[in-house]
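Q: Okay, here's what each chain looks like letter by letter:
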Amino acid sequence: MTQGAAVSAGDTAWVLTSSALVLLMTVGLAFFYGGLVRTKNALNTMMMSVVALGVIGVQWVLVGYSIAFGHGNAWFGGFAWLGFRGVGIEPDPAYAATIPLQAHAMFQGMFAIITPALISGAIVERMRFRAYVAFLVLWATLIYDPLAHWVWGAGGWLQQRGALDFAGGTVVHISAGVSALVAAWMLGARKDFRRVPLAPHSVPLVLLGAGLLWFGWFGFNAGSALAANGLAALAFVNTNNGAAAALVTWALLDLIRTGKITAVGAATGLVVGLVGITPAAGYVSTLAALAIGALSACVSYTAIQIRSRTRLDDALDVFSCHGLAGTAGALLTGVFASKLINPAGADGLLAGNAAQVAVQLLAVTATVAFAAIGTAVILKLVQATLGARAGVRTEMTGLDLSEHGEEAYFGGGALGGNVVVQEIPVE
Amino acid sequence: MKLITTIVRPERLPEVKEALFRAGITGITLSRVSGHGGEHEVLEQYRGTAVVMEFHEKVKIEMVCSEPFVEPCIKAILSSARTGEVGDGKIFVQPIEKVVRIRTGEVDNAALTAVNAQEVQQAAIKAAGMGGAA
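As given, the protein sequences belong to chains A and B, one line each in that order. Quick note: the first sequence uses our numbering, first residue 246, plus one each step. Quick note: the second sequence uses our numbering, first residue 3, plus one each step.
Treat the hints with caution; some may be incorrect.
To give an idea of the chain A side of the interface with chain B (calculated C-beta under 7 Å), a few residues [unchecked claim]: (1) PRO445; (2) LEU500; (3) THR503; (4) THR507; (5) THR547; (6) ILE549; (7) GLN550.
Just some of the chain B residues that point at chain A, by a computed CB distance under 7 Å [to be verified]: (8) SER33; (9) GLY37; (10) TYR48; (11) ARG49; (12) VAL101.
Hints are computed from structural coordinates only; laboratory data are not their basis. Values in this document were obtained by computation on a predicted structure and should not be read as measured data. All residues carry an ideal CB built from backbone N, CA and C; glycine is no exception.
Using the sequences plus the hints, can you model the full thing?
A: Here it is as structure tokens:
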């Protein structure tokens, strides 16, 4: 067992735990998004996240991990690791020298699952479920997997340019946010958009989901150290700082604008802070993390106010919360990064290296362009083959019934008279 | 006999119920209703969306009283449901032609008095007295 000697028990335990934490984020996302939509679409919206646990879970093992992390070229990981062939329990020093490659693969798989699910918030209450699932698989394979290779894969071209992205500001949040914007625009607004009040059906579910996201995000960011070490602790602390500072900032902005601190605002604010700190978590100081959280909240808050005055039906503001807060975080990483904090990172603008901001901008631009064009092509294809948009009538009665044949809150009411048992023949 | 329909604030319902019980009106029917009156509209904010709640939540109480109970009933509602702010509600009084108790077939006044009316009224008066002493 000479190979086994290189594996660290502590590192492996932390990465496996973090994988489970990130898995819980997708469930949290289901609650977060589910609470924000209307009763008649609650299940459909939650299923848009839950189904990713299944289909991307399978896609990742069959092709995803190979494309993203195979030792291919600068652009593409190749097909050597299809079906996890060659992905064993020995470490791969290109990624982490002290944990089994399978642990790395599962940890990254959880990222691949939640990223396309994030997009769903922009197109809720109006997309056919089968078309959504097709979109999910194509997007993960053609957009996420190559992008992850560019930034994190062995020899990825953005990594070689020195772009800093600790836990996925560009790969996860900017890519999902930009794709959400394109998808919302291509799919068109809900039929009753701006005609009836589109208010959250359950704010407690939103808070539950936001809490689970915060909890899981410790695995997302601190787990990205891929070891149980000081860097993981730094990322853990910064993650909390970003979320807390953004929650406070959002509450203050709410207070100034409307005179009240809202619960949906607190939930949104903390998520935005977590998005903003994601690329920076392992590269910046504690106070810089607070600043990144606060600034990300300002960017998203302003963007949501502007978006709500337009005809763009990015229903749950995925672009504002993930696209823009992710961009703010990625650029601010170039401002606040310091080798005094993480010698393996880089110095940013405040440490005298203005060029890092330019590198970050390159990574953001490349991600935006690739995600936007790729999403447009994939969605066109899905529209042409399966038809993406639900009909007007199903949209009015809700997608829970039309797509799933279920209701989130079943019950005939006090009278209970409108439900009968369908005859089931006895064998 | 009169049908008395009153629309009151949901938060005043416990007081209204106690006052009615003390006055001996123990047979009442409740519904949750919403409606529009003179009150200001409530504004709710969800991220960038502002929602105006045009209709206010109210409770509707319906009861049929024999003539001697009509005035005490109105007095009980006025004393318990009033806050002085716009939106305290209304009381409507209409004549009733006939009442039949389904269990016994009794009609009109005989059908109106709940079998345990006295018991409920005494308990309500006692509870109010204890509340006042505390």
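Q: All hints are to be evaluated individually against the structure, with a verdict given for each.
A: Verification of the supplied hints:
1. PRO445: holds, 6 Å
2. LEU500: violated, 11 Å
3. THR503: holds, 5 Å
4. THR507: holds, 6 Å
5. THR547: Hint violated; A/THR547 Cβ to chain B Cβ min 10 Å, cut 7 Å.
6. ILE549: Holds, because the Cβ-Cβ distance from A/ILE549 to chain B comes to roughly 5 Å (cut-off 7 Å).
7. GLN550: With Cβ-Cβ at 5 Å, under 7 Å, it holds.
8. SER33: violated, 11 Å
9. GLY37: Given a least distance of 18 Å, the restraint on B/GLY37 is violated.
10. TYR48: B/TYR48 check passes; min Cβ-Cβ to chain A is 5 Å, inside 7 Å.
11. ARG49: holds, 5 Å
12. VAL101: Violated, about 24 Å.
Against the hints set out earlier in the document, violations occur for numbers 2, 5, 8, 9 and 12.
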